[in-house]
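Novice: Sequence:
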Amino acid sequence: MKFAMNPVTHSLALILGLTSYVSAEEATTELETMVVVGKQNSYLNPEVSTATKSNVDPKDTPLTVNVINQQFLQDIRAESLSDAYGYTTGLSQSGTNADSFSLRGIDTDLSNIQVNGLPGLASRFGSPTTANVEKVEILKGPASIMYGQVQPGGLMNIITKKPQEEAAVRYDISGNSYSTGVSEFGDDNSFTGTIDATGPLTEDKKWLYRLILSAEDTNSYRDDVDAQNYYLFPTLTYRPDTETEVTFGLEFQSEKRVADDGLAVLDHDINQIASIDTHYQSADDYDKDQGIVGFATYNTMVTDEFDITVDWRSVWHEDSYTLYESRDVDNDTDSVTLRDRHNLNKRQYHTVDVRTTGSLWTGDIEHQVLVGVNVGFERKDFKRETYATTDVDFYDPEDLTERDEDSYSLNHRVTDYMNYAAYLQDTIYLNETWTVMGGVRYTRQDADFERVDTGATASSSSDAFVSQGGVVYHLTEATSLYASYGESFNPNSIEDTDADGNNFDPERGRQYEVGTKTDLFNNKANLSIAYFDIKKDNVVEENETTGEDELLGVVKSTGVEVELLILPVENWQVKLGYAYVDARITDNPDENIEGNRTPGSALHDAYVWTKYNFPYKIADGIVGTTLGANYESSRYTDEDSTDRVKLPGYMTIDLGLHYEINDYRASLNVENVFDELYYTGGSGDTSIYAGDPRNITFSLSGKF
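Throughout, this note's numbering is defined as the position within the sequence shown, counted from one, plus 395.
One or more hints might be untrue.
To be verified - Here are the simulated distance ranges between beta carbons:
| hint | residue 1 | residue 2 | range |
| --- | --- | --- | --- |
| 1 | E713 | T852 | 15 to 25 Å |
| 2 | S856 | K600 | 43 to 53 Å |
| 3 | Y625 | S804 | 50 to 60 Å |
| 4 | K600 | G689 | 16 to 26 Å |
| 5 | T698 | E890 | 27 to 37 Å |
| 6 | D699 | I823 | 17 to 27 Å |
| 7 | L1052 | L1072 | 41 to 51 Å |
As the list claims (entries may be wrong) - Cross-link-like lysine to aspartate or glutamate pairs, in silico, EDC-like; alpha carbons within 16 Å at most:
| hint | residue 1 | residue 2 |
| --- | --- | --- |
| 8 | K741 | E780 |
| 9 | K775 | E845 |
| 10 | K530 | E442 |
| 11 | K601 | D662 |
| 12 | K919 | E442 |
| 13 | K651 | D679 |
| 14 | K556 | E529 |
If you are wondering where the hints come from, they were derived from the structure by calculation, not from laboratory data. Every residue, glycine too, gets a C-beta built ideally from N, C-alpha and C.
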């Protein structure tokens, strides 16, 4: 326990110490005027759009929005979004799938990851690529009023790169290798290459384009695990006049990797675990992800005060896998039971969002009004085949190459969802000091289900009003205090029924939040502090003993988040954060579950990242260094005390060195410098995921 608190204490000390340092502004004025070399692109973000669907100053919203911008993604060498999770407050990773993380202690769904404000990822098994990412905004707390059926912990909105007027072609290539006991440097290598081209297609610059191509060939430190991923993102923008813009594009993603269920644990004791390179699945097992996306955005000013925006996104996605999945652990024989399983999942998402935003006045009071409607269709076509089980040695599993297809069962089900919604939000500027925000959304979902292999069918409908409100008090021009309330609505699966065959009521969530946001020292620093209280009802889980669906109880989460970004001088900046999240299950009659923490959520997490460029040239270029540390306290893999494994807390250190000359950049990054053994998440005692050991990345990027 003493070790677990040290990183938190250190993080808070850094916040106080750095704040005191930056407050000595007069002492740094002379230095600032001298710094003409090494100037950095800031991690500070003057505007956010996810909270209100329009660009606003974060201090004007009674909600928490964390931003990971493109510069930060580049500096930490993030190939996928999960590479940045350790530098995000209140976020805990629980697995390897795209939605395998929690926000403020609440598990997320795929709908909690949006792209330009609409649902539908092009891939599911892996974390989304950063190749086409301009920035990521993480809206904390319930987001149903704007984004529909989502979990109340928060929402991640990926804002993609758009065509630019200035012609440019950028490239980025990198190579990576581990340097650890199970994988020496040069044994398991990975390579990534990206081309990003943009510019005008016509002399009048009414037509703009952007084309991004990226490819990855990765080899893991885990035995026989590798992946090959390919991405293509073409986009066009048309501007017929100064008041109208249309952007439309496509996304093509193809990912294939060797299937990997992680590690197993004996006696639910993390100290009884095999080497981190142990792979229980066959080398022939695979996961495949393929997705095609079409999207468009139309925006035009209809009056001097109001505009109309139409967003459309359609996704055709298919994932499949063949694997021996880890099902059970036999503590008496030191073996793992594997089940041969083949899946083919097809998904479609089609969403249209139409809204108008503008200002109107009632006397001397300004209203920023948002009115919108949203229609969406989703289809899930899941075909799942299961075969025989087999046992392999816990510490030294054999590679299974023959499959027994005599024992066979089929589960083929198709579910269609139609979603309809209308929403309204009004931000009222009472005066220069007080701002009030309120909104409401009506949402309805119709679901139709068919069990193709048995002929069983079912239908259901659910609807709800959800609301959101908040108040902002501008203490000074640079500091605001706020309080807010928000609700969430998320229908339970039509396949989940109680003992009498009835569907469960939808999940409902609510959050209270209070906090403060401050711009310090002539906008060279930003400090945000938030306290939250979340409650989620009607949570359904399958009883592992009876196999029946039942209510888990109530999930409650309370906590505090602190984030500080500082740019003391033009060649040095610091980003750090801390979160305390106490998320637990209550109102459950099972004493093995009641009061336990939610799976995957950490009580404490903290990070610090700093980047320093030397204020003078070396070999005619700029040399800089980066240093990062992130800490996460212990987590559990299940809510049931008899089934869960406690994952110990950990802290990792990252180092980097970069050299820039003109439009070219070379960098060397070392992640997990001290080769810390740690586990990022898991499920039960059969799927525990180890964090990456020490790995070294060399990259080159440039523009021409």
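Novice: Evaluate each hint against the coordinates.
Specialist: Evaluated hints:
1. E713 <-> T852: 15 to 25 Å: Holds, at about 24 Å.
2. S856 <-> K600: 43 to 53 Å: holds, 49 Å
3. Y625 <-> S804: 50 to 60 Å: violated, 34 Å
4. K600 <-> G689: 16 to 26 Å: holds, 24 Å
5. T698 <-> E890: 27 to 37 Å: Once the Cβ atoms are compared, 48 Å apart, the range 27 to 37 Å for E890 and T698 is violated.
6. D699 <-> I823: 17 to 27 Å: holds, 20 Å
7. L1052 <-> L1072: 41 to 51 Å: Cβ of L1052 to Cβ of L1072: about 25 Å, so the range 41 to 51 Å is violated.
8. K741 <-> E780: At roughly 15 Å apart (the allowed maximum being 16 Å), E780 and K741 satisfy the hint.
9. K775 <-> E845: holds, 11 Å
10. K530 <-> E442: holds, 12 Å
11. K601 <-> D662: violated, 65 Å
12. K919 <-> E442: Status holds; Cα separation ~15 Å.
13. K651 <-> D679: Holds, at roughly 12 Å.
14. K556 <-> E529: holds, 5 Å
In this structure, the earlier hints numbered 3, 5, 7, 11 are contradicted, and the remaining ones agree with it.
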